[in-house]
Amino acid sequence: MDRNQLTKWIKSPGNMGHKYSLDVVYFCTGCGIIEIPPSITARWDAERFGVKPVATPRQANLFLITGYVSVKTLKAVIRTYEQMQEPKFAVGFGSCPINGGMYWDSYNTVNHLDKYIPIDGWIAGCMPRPEAIFIAVTHLWTLIDKEIADGYKRYRDKYKYYRANQEKVLGELEWPPLFPEDDKK
Amino acid sequence: MIVLEMLILVILALAIGVFFLGLSRKIMSRIHWRYGPPITQPIIDIIKLFNQDSVSHGSLFNFGIILSLAGSIVMVFFLPMGAMCPMSSSGGMLVILYIMLLGPLGLALSGGEAANPNISIGISRKFILALSYEVPLLLIFLAVMTHYGTISIVEIVKIQSANLWSFASLPLLLSGIAYLLILPALLGERPFELIKAPQEISSGPMAEYGGKFLALATLQHAFHTFVGISLFVNLFLGGASNPGYFFLKMLVVFILLIFVNAVFPRFRIDQAIKYLWKWPTLLAFIGLIIVVIVD
Numbered sequence: 001m002d003r004n005q006l007t008k009w010i011k012s013p014g015n016m017g018h019k020y021s022l023d024v025v026y027f028c029t030g031c032g033i034i035e036i037p038p039s040i041t042a043r044w045d046a047e048r049f050g051v052k053p054v055a056t057p058r059q060a061n062l063f064l065i066t067g068y069v070s071v072k073t074l075k076a077v078i079r080t081y082e083q084m085q086e087p088k089f090a091v092g093f094g095s096c097p098i099n100g101g102m103y104w105d106s107y108n109t110v111n112h113l114d115k116y117i118p119i120d121g122w123i124a125g126c127m128p129r130p131e132a133i134f135i136a137v138t139h140l141w142t143l144i145d146k147e148i149a150d151g152y153k154r155y156r157d158k159y160k161y162y163r164a165n166q167e168k169v170l171g172e173l174e175w176p177p178l179f180p181e182d183d184k185k
Numbered sequence: 186m187i188v189l190e191m192l193i194l195v196i197l198a199l200a201i202g203v204f205f206l207g208l209s210r211k212i213m214s215r216i217h218w219r220y221g222p223p224i225t226q227p228i229i230d231i232i233k234l235f236n237q238d239s240v241s242h243g244s245l246f247n248f249g250i251i252l253s254l255a256g257s258i259v260m261v262f263f264l265p266m267g268a269m270c271p272m273s274s275s276g277g278m279l280v281i282l283y284i285m286l287l288g289p290l291g292l293a294l295s296g297g298e299a300a301n302p303n304i305s306i307g308i309s310r311k312f313i314l315a316l317s318y319e320v321p322l323l324l325i326f327l328a329v330m331t332h333y334g335t336i337s338i339v340e341i342v343k344i345q346s347a348n349l350w351s352f353a354s355l356p357l358l359l360s361g362i363a364y365l366l367i368l369p370a371l372l373g374e375r376p377f378e379l380i381k382a383p384q385e386i387s388s389g390p391m392a393e394y395g396g397k398f399l400a401l402a403t404l405q406h407a408f409h410t411f412v413g414i415s416l417f418v419n420l421f422l423g424g425a426s427n428p429g430y431f432f433l434k435m436l437v438v439f440i441l442l443i444f445v446n447a448v449f450p451r452f453r454i455d456q457a458i459k460y461l462w463k464w465p466t467l468l469a470f471i472g473l474i475i476v477v478i479v480d
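Sequence lines, in order, name chains A and B. 1 is the number of the first residue of the first sequence in my numbering; add one for each residue after it. 186 is the number of the first residue of the second sequence in my numbering; add one for each residue after it.
These are computed hints drawn from the structure, not numbers from a lab.
Straight-line C-alpha distance at most 27 angstroms; calculated DSS-like pairs for lysine-lysine: (1) B:K397 x A:K52; (2) A:K158 x A:K168; (3) A:K115 x A:K146; (4) B:K211 x B:K397; (5) A:K52 x A:K75; (6) A:K146 x B:K397; (7) A:K52 x A:K11; (8) B:K211 x B:K434; (9) A:K72 x A:K115; (10) B:K211 x A:K8; (11) A:K75 x A:K168; (12) A:K72 x A:K158; (13) A:K158 x A:K75; (14) A:K168 x A:K115; (15) B:K397 x A:K8; (16) A:K11 x B:K397; (17) A:K153 x B:K397; (18) A:K52 x B:K211; (19) A:K8 x A:K146; (20) A:K115 x A:K158; (21) A:K52 x A:K153.
One side only, chain A facing chain B, incomplete, derived with CB under 7 angstroms: (22) G14; (23) G17; (24) Y20; (25) A42; (26) D45; (27) E47; (28) R48; (29) G50; (30) A55; (31) T56; (32) R58; (33) Q59; (34) Q85; (35) E86.
Ideal placement from N, C-alpha and C gives every residue a C-beta, glycine not left out.
Chain A with its partners taken away, still in its complex shape:
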């Protein structure tokens, strides 16, 4: 942990700030949320890494999707992701958002979450232990350091692709596009 290295702070305060102050909005879609309370309370204290739960997506910069994503919750996931302020990072927790997990053949769940919103990293397992969250956080630090945690940039560049995928599942979307067409060159 290079949190106390002053030279790095002077060189790139923004990057270091994003690394060591991750405000998380936990999306309680499925059983994965049961691993969050032990990780933010006394047993595995997430706050020592600067990871803190917040109440609204506006204040957050890390989005943790814990568990399977049904078609109905996909709508809420997309809206929450679009309300967050850039730079923002999204992490899928558990095997269900990765490829459907044990619900792979369900008629009502989304199998690959990264078709609908850009994901910066995955925590595999069913269920991952709370320690896996901290491993994910340290990996995310490395990604932010190398500036390859660029999911929000991908979302901006390939918005047409994501929007088309979202519309394929959800039908006509009720909200206007986040990045309208005429902005593009």
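Go by the hints and put chain B onto chain A.
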């Protein structure tokens, strides 16, 4: 010269307020049997928030948060810290009574523009709470003003340094206790945390703030914490001759506040009004009567 003094005072107040935010998180986590974030965590948060994008909901949304922050900063000038008090000749306690409402008012203006129902609930709670703690606060101020016969805080500090602290002298003891009882409500700390209440109304007035707005709101909270505690130290603990001693006194009061914050659950808004209009008001009223009789 006055400008320089103002600048130093603002920087000192900011440093102390941000340090208190970090200290509160550290002490709270030690009480929860956790290791807790580093004490510099609020600084890291503020740096991050200033580097983040933010979405605005209109010009009043921007103006309100700045008004709120400005109201908190201006109050710092009227409170002597050690020997420093750039605005010592004017105003005193009456000005503080007026400016104290600028903070909630700015947040209300800003939140009204965002039209989020959580914000409306938070703002209405904030004003109801302000209504309930202003009554005992006015009585306390009246008692102090009557006892010392002046509205100037610098004068009050001078008299206290010559005699006893007013917290230790009998006529003002009850008023001091009443101020300690309303201090958590003044600062929005835990028994009266119902304004923010992240679990109920998703952090209330802050619900639409992200990025730079949240950074400004955090700074406002830091200044407000400084002002609330510094007022108590000046009026009841005799102020101080130098800033270091003043900071020590503030630290003691703040740690007391954190302990209360750590162990108590949250009041509902009706319970908060009932409590604030019963015990602190009663104590402050008896204190005022004692002051009138003694003098």
